[in-house]
Amino acid sequence: MANYTISGSPHVHSTENTQKIMCRVFLALVPALLVAIYYFGWYALRLTIVTVAACMLTEWLIQKFILKGPLTINDGSAAVTGLLLAFNVPANLPIWMAIVGSIVAIGIGKMPYGGLGKNPFNPALVGRVFMLVSFPTAMTTWPKANPIFEKGFFADAVTGPTPLGILKEAGVGSLAQAGDMQFLDMVLGNRGGAFGEVCAIALVIGAIYLIIRKVIDWQTPLSILLTVFVFTGICYLIDPTHYIAPWYHLVYGGLLLGAFFMATDMVTTPMTVKGKILFGFGVGVITVVIRLWGAYPEGVSFAILIMNAFTPLINKAFKPQVFGVVKPSKK
Amino acid sequence: MNPIKTFHKGGVHPEENKFSADQPIQDFPMPKQIIVPLGQCLGAPAECIVNKGDRVLTGQLIGTAKGFISANVHSPATGTVAKVDVVMDHTGYYKPAVFIDREDQDEWIEGYIDTDELITDIKLDGKAIIDKVKECGIVGMGGATFPTHVKMMIPEGKKAEYVIINAAECEPYLTCDYRLLLEKTQEFLMGVKIVMKGVGSDKGIIGIETNKMPAIELLEKTIHEHPDLYKGIEVQPLKTKYPQGGEKQIIKAITGREVPSGKLPIETGCVVVNVASTYAIYEAVQKNKPLIERIVTVTGKSVKKPSNFRCRFGVPADLLIEAAGGLPEDITDVINGGPMMGKSVSVTSFPTMKGTSGILLMTLREAQDRRQTNCIRCGRCAKACPMGLQPFLLHKVAKQNDFDETEKNHIMDCIECGSCEFTCPANIPLLDYIRYGKAKTGAIIRARSQK
Amino acid sequence: MSNTLLISLIVLGVLGAVLSVILYFVAQKFKVEENPLIDEAEACLPGANCGGCGFAGCRALAEACVKQAAEKGNIDGLACPGTDMNKVAAVLGLTAAAFEPKIAVVRCNGSCKNSPAKVHYEGADICAFASTLYAGKGGCSKGCMGLGDCVKKCNFGALHIDKETGLPVVDPDKCVGCGVCARTCPRGIIEIRPRGKKDRRVYVCCSNTDKGALVVKNCSVGCIGCQKCLKECPFEAIEMRGNLAYIDPNKCKACGKCADVCPRGSIHTINFPPKKPKVEQPTEAPKVELEKPVTA
Numbered sequence: 000m001a002n003y004t005i006s007g008s009p010h011v012h013s014t015e016n017t018q019k020i021m022c023r024v025f026l027a028l029v030p031a032l033l034v035a036i037y038y039f040g041w042y043a044l045r046l047t048i049v050t051v052a053a054c055m056l057t058e059w060l061i062q063k064f065i066l067k068g069p070l071t072i073n074d075g076s077a078a079v080t081g082l083l084l085a086f087n088v089p090a091n092l093p094i095w096m097a098i099v100g101s102i103v104a105i106g107i108g109k110m111p112y113g114g115l116g117k118n119p120f121n122p123a124l125v126g127r128v129f130m131l132v133s134f135p136t137a138m139t140t141w142p143k144a145n146p147i148f149e150k151g152f153f154a155d156a157v158t159g160p161t162p163l164g165i166l167k168e169a170g171v172g173s174l175a176q177a178g179d180m181q182f183l184d185m186v187l188g189n190r191g192g193a194f195g196e197v198c199a200i201a202l203v204i205g206a207i208y209l210i211i212r213k214v215i216d217w218q219t220p221l222s223i224l225l226t227v228f229v230f231t232g233i234c235y236l237i238d239p240t241h242y243i244a245p246w247y248h249l250v251y252g253g254l255l256l257g258a259f260f261m262a263t264d265m266v267t268t269p270m271t272v273k274g275k276i277l278f279g280f281g282v283g284v285i286t287v288v289i290r291l292w293g294a295y296p297e298g299v300s301f302a303i304l305i306m307n308a309f310t311p312l313i314n315k316a317f318k319p320q321v322f323g324v325v326k327p328s329k330k
Numbered sequence: 000m001n002p003i004k005t006f007h008k009g010g011v012h013p014e015e016n017k018f019s020a021d022q023p024i025q026d027f028p029m030p031k032q033i034i035v036p037l038g039q040c041l042g043a044p045a046e047c048i049v050n051k052g053d054r055v056l057t058g059q060l061i062g063t064a065k066g067f068i069s070a071n072v073h074s075p076a077t078g079t080v081a082k083v084d085v086v087m088d089h090t091g092y093y094k095p096a097v098f099i100d101r102e103d104q105d106e107w108i109e110g111y112i113d114t115d116e117l118i119t120d121i122k123l124d125g126k127a128i129i130d131k132v133k134e135c136g137i138v139g140m141g142g143a144t145f146p147t148h149v150k151m152m153i154p155e156g157k158k159a160e161y162v163i164i165n166a167a168e169c170e171p172y173l174t175c176d177y178r179l180l181l182e183k184t185q186e187f188l189m190g191v192k193i194v195m196k197g198v199g200s201d202k203g204i205i206g207i208e209t210n211k212m213p214a215i216e217l218l219e220k221t222i223h224e225h226p227d228l229y230k231g232i233e234v235q236p237l238k239t240k241y242p243q244g245g246e247k248q249i250i251k252a253i254t255g256r257e258v259p260s261g262k263l264p265i266e267t268g269c270v271v272v273n274v275a276s277t278y279a280i281y282e283a284v285q286k287n288k289p290l291i292e293r294i295v296t297v298t299g300k301s302v303k304k305p306s307n308f309r310c311r312f313g314v315p316a317d318l319l320i321e322a323a324g325g326l327p328e329d330i331t332d333v334i335n336g337g338p339m340m341g342k343s344v345s346v347t348s349f350p351t352m353k354g355t356s357g358i359l360l361m362t363l364r365e366a367q368d369r370r371q372t373n374c375i376r377c378g379r380c381a382k383a384c385p386m387g388l389q390p391f392l393l394h395k396v397a398k399q400n401d402f403d404e405t406e407k408n409h410i411m412d413c414i415e416c417g418s419c420e421f422t423c424p425a426n427i428p429l430l431d432y433i434r435y436g437k438a439k440t441g442a443i444i445r446a447r448s449q450k
Numbered sequence: 000m001s002n003t004l005l006i007s008l009i010v011l012g013v014l015g016a017v018l019s020v021i022l023y024f025v026a027q028k029f030k031v032e033e034n035p036l037i038d039e040a041e042a043c044l045p046g047a048n049c050g051g052c053g054f055a056g057c058r059a060l061a062e063a064c065v066k067q068a069a070e071k072g073n074i075d076g077l078a079c080p081g082t083d084m085n086k087v088a089a090v091l092g093l094t095a096a097a098f099e100p101k102i103a104v105v106r107c108n109g110s111c112k113n114s115p116a117k118v119h120y121e122g123a124d125i126c127a128f129a130s131t132l133y134a135g136k137g138g139c140s141k142g143c144m145g146l147g148d149c150v151k152k153c154n155f156g157a158l159h160i161d162k163e164t165g166l167p168v169v170d171p172d173k174c175v176g177c178g179v180c181a182r183t184c185p186r187g188i189i190e191i192r193p194r195g196k197k198d199r200r201v202y203v204c205c206s207n208t209d210k211g212a213l214v215v216k217n218c219s220v221g222c223i224g225c226q227k228c229l230k231e232c233p234f235e236a237i238e239m240r241g242n243l244a245y246i247d248p249n250k251c252k253a254c255g256k257c258a259d260v261c262p263r264g265s266i267h268t269i270n271f272p273p274k275k276p277k278v279e280q281p282t283e284a285p286k287v288e289l290e291k292p293v294t295a
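Protein chains in written order, with numbering that gives the first Met the number 0: chain A, 0 to 330; chain B, 0 to 450; chain C, 0 to 295.
Bound conformation, chain A alone (with noise of 0.2 Å):
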């Protein structure tokens, strides 16, 4: 008699899977990572790959010798958490705290939690977050931009102001006269920052490769964005002479690295669509709360952070609309 498998319904299923989705992402990534290897050349390249390295490695070790259970290394979710904590770190951050930032970011902000998917952050900016208040000196200490092609791939690295930091120390004036600030050059990536998060263009080419592929929804970064440019807007519209215009703020910082690859983060973030857009206000809110009032010139971080703890509750609070079920009529 022939051996046949017995399973539930449905016996067919789509081929989507777990790794599939994080190779996706992964590759959304990659326009952004040439383009920083464009800008920062050896420096880039070898901090993505210490980063990733390092995340693999101490998933690997943690599963293998603390937790003993199955090894889902090759699931491609620490290489995504090492590529986004690369990107949003300065390109000449010493090796060594990369590497901490590393074994935090997982061992601190995935694994203690049962590894992928039940991490209540993102491990990559818990990683971030706690390198930004451990070093802040080098982790504000940005290289300025310095194309490969005009100093050569292992040109050391000059380090230089970051708009939003200009704008945090001496004000809107400031930043008219820093000649290199310009709309132009934010969106195309030649400004100082966290390497991956300085070209907007290819952040924006990585995000709608997901879109389409159906990883991860519009609702999320539309809101965050929207949220941030209407904001700002009203600010600017205010007082023009304290605030800058609200395009800036959309390509300054790690708004739309943020925006398109962090609030997106499926495990950390809310799972139905009035959800998606109220985590999306809320990273919105903190975030110009926090760059135009806070004492750090950057705040999408910390309010992806403060968001994702709020998931829980968002996904409880919203839940999806039952086939037949009237709501109770509001009397």
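Calculated from the structure, these hints are not laboratory results.
Calculated cross-link-like contacts (lysine to any residue; reagent style SDA-like; alpha-carbon spacing at most 25 Å): (1) B:Lys82 to C:Asn242; (2) B:Lys8 to A:Val321; (3) A:Lys273 to B:Glu404; (4) B:Lys450 to C:Gly50; (5) A:Lys318 to B:Gly387; (6) B:Lys450 to C:Arg182; (7) A:Lys117 to A:Gln18; (8) C:Lys151 to B:Gly441; (9) B:Lys395 to A:Phe309; (10) A:Lys315 to B:Lys439; (11) B:Lys8 to A:Leu277; (12) C:Lys162 to C:His119; (13) B:Lys398 to C:Thr183; (14) C:Lys86 to C:Glu70; (15) A:Lys318 to B:Gly441; (16) C:Lys117 to B:Arg370; (17) B:Lys94 to C:Gly211; (18) A:Lys318 to B:Lys395; (19) B:Lys382 to A:Thr14; (20) B:Lys51 to C:Lys210; (21) B:Lys407 to A:Gly323.
Based on these hints, arrange chains B and C on the given structure of chain A.
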């Protein structure tokens, strides 16, 4: 053609793989012995009323319905009862069955009208039609095998506005309903008229997915040619999307009404009947022929001759597989029904029954990668759920045996269509856990209502 | 500097003092009077809240004991399956009825070897669900599914699935006989039986009530209902339930004669001294397997 309609909440689109769509229906030759299970419908099995050694005629009643939700069973052949014993059904459980040693010639019961001509005159009135349907043991032949007469009995104070004929056939692979529509168009349409008369409705809507264009065109043409005969019948094309043929989904798609949670479709003024059942009703009412045969699709990716057989009940499934070119070497999975809602088969010798819409032979799992990972909370299951449930949550609470929580999250509304599990990238057997939770929760609710 | 220190110390100290006074009064107001005997009685119980006694948990049983002791002066009918109730009775100053220790026995021996797999299962690891899909790996519709619903439910960690046989194994040292596993098993394979004198017990290791011919198809050690044991038993302790022999533990004197005559080796004897090799007698029935699992 009417504009295409669909339901809007959730749904998935599996590969259609309708290999046997162009294969005409073949009459399947009967073997020497047939085994007729007594439990062929949802609900209580029928009670055997024949004994060993009795001679039975084709169409003779051999099992009477026991209980409200139950259906009669008739002899599919002429012969002698060899024994009344148990037989393994597709699950491998032993179920009571009547073994009949067949004679070569069919000898029909009295009253059977043996003709291939279309009988257009409906002699019976509404009540008599339902009685006839009950007497002839007709059940929902889409797979759920719910007795049709129970569906057709309209409760006091309700009115059947629409008769909806479920011709969506949204299950991949299966083509039995489609072939029936093409080959028995007139009889089928008469069947619709009979159901309409039976439930007292003057509107019949046939819902068909647009991947069956020839059937839509043929039906429209036929209705157009005989406007008086088929008055009130309409063809409604539906978008090709699973589970378009779910009872609640097809009502929503066609009428825009939602069956309230925990209620029956009649609440929306609709009676939904399957294609094969409609045809069986025609034969029962006009030709006095009980339900003793159906169309079975035998198909699969590596099957040599995917076919549609007209097959009397009680024929062992392995004979059908043999006729479709034999069991291919690389088969790992045999399914009774379609790939989305069908049931795994333990033994291929199980007898065909009223609910056997297809025998599907699957080679490799169509999802090549079945490794399970942790839930990544992507929410695709919730997006795919046509009932607006949250399968990931139901899976979690059912696993924890928290049946208060399953009830609160509407587990009883699950139609078990499998869209969630189909779409899950982490390959979690979501529906297994949901079914388990649903069974347990249902038992708790029943126990509570009895108190 | 010292000023700041002082102020914070005073503020926090006063705050603490005030709050503790409030807490004291709240505790007084909402104090629940409870018989201290309940705590003592509860301490005698295992604390697993298994529900084997019929109450919601160990504390509920302790409360019931104290209540009944006060009203009727006895604790008859209240028993934790896993504890000698004499201990509880002693706390309450009473004597309890004789305590008969019990143990769970798995009445299926359809291991991978005895009932070879005909199909393979993929899906949720729940016996209750899997048994709605199919009869079982080996084809026996009354046998163990081997997915471990009982193991998951056991509060004492007394069960595990043996990897080799695919069947649950009861750890006699840990099992208290609470019966949660027996209630969980969707096929009712597990039975709670007295441990027996000297921990010796005899039982039919099969739950299949089908006709012999159907049992033989799927399993090499299933009970076929031949009734040899029934005729052999000197104490009339064996009865037929359908096509399955059942040994009444209250009548059984653990002589082990039934196990010797069983042609299928379905009757298991536990903790019996190893048999001396008998003189080979020409018998028609296949030789009885003497190697029995020591654990149930």
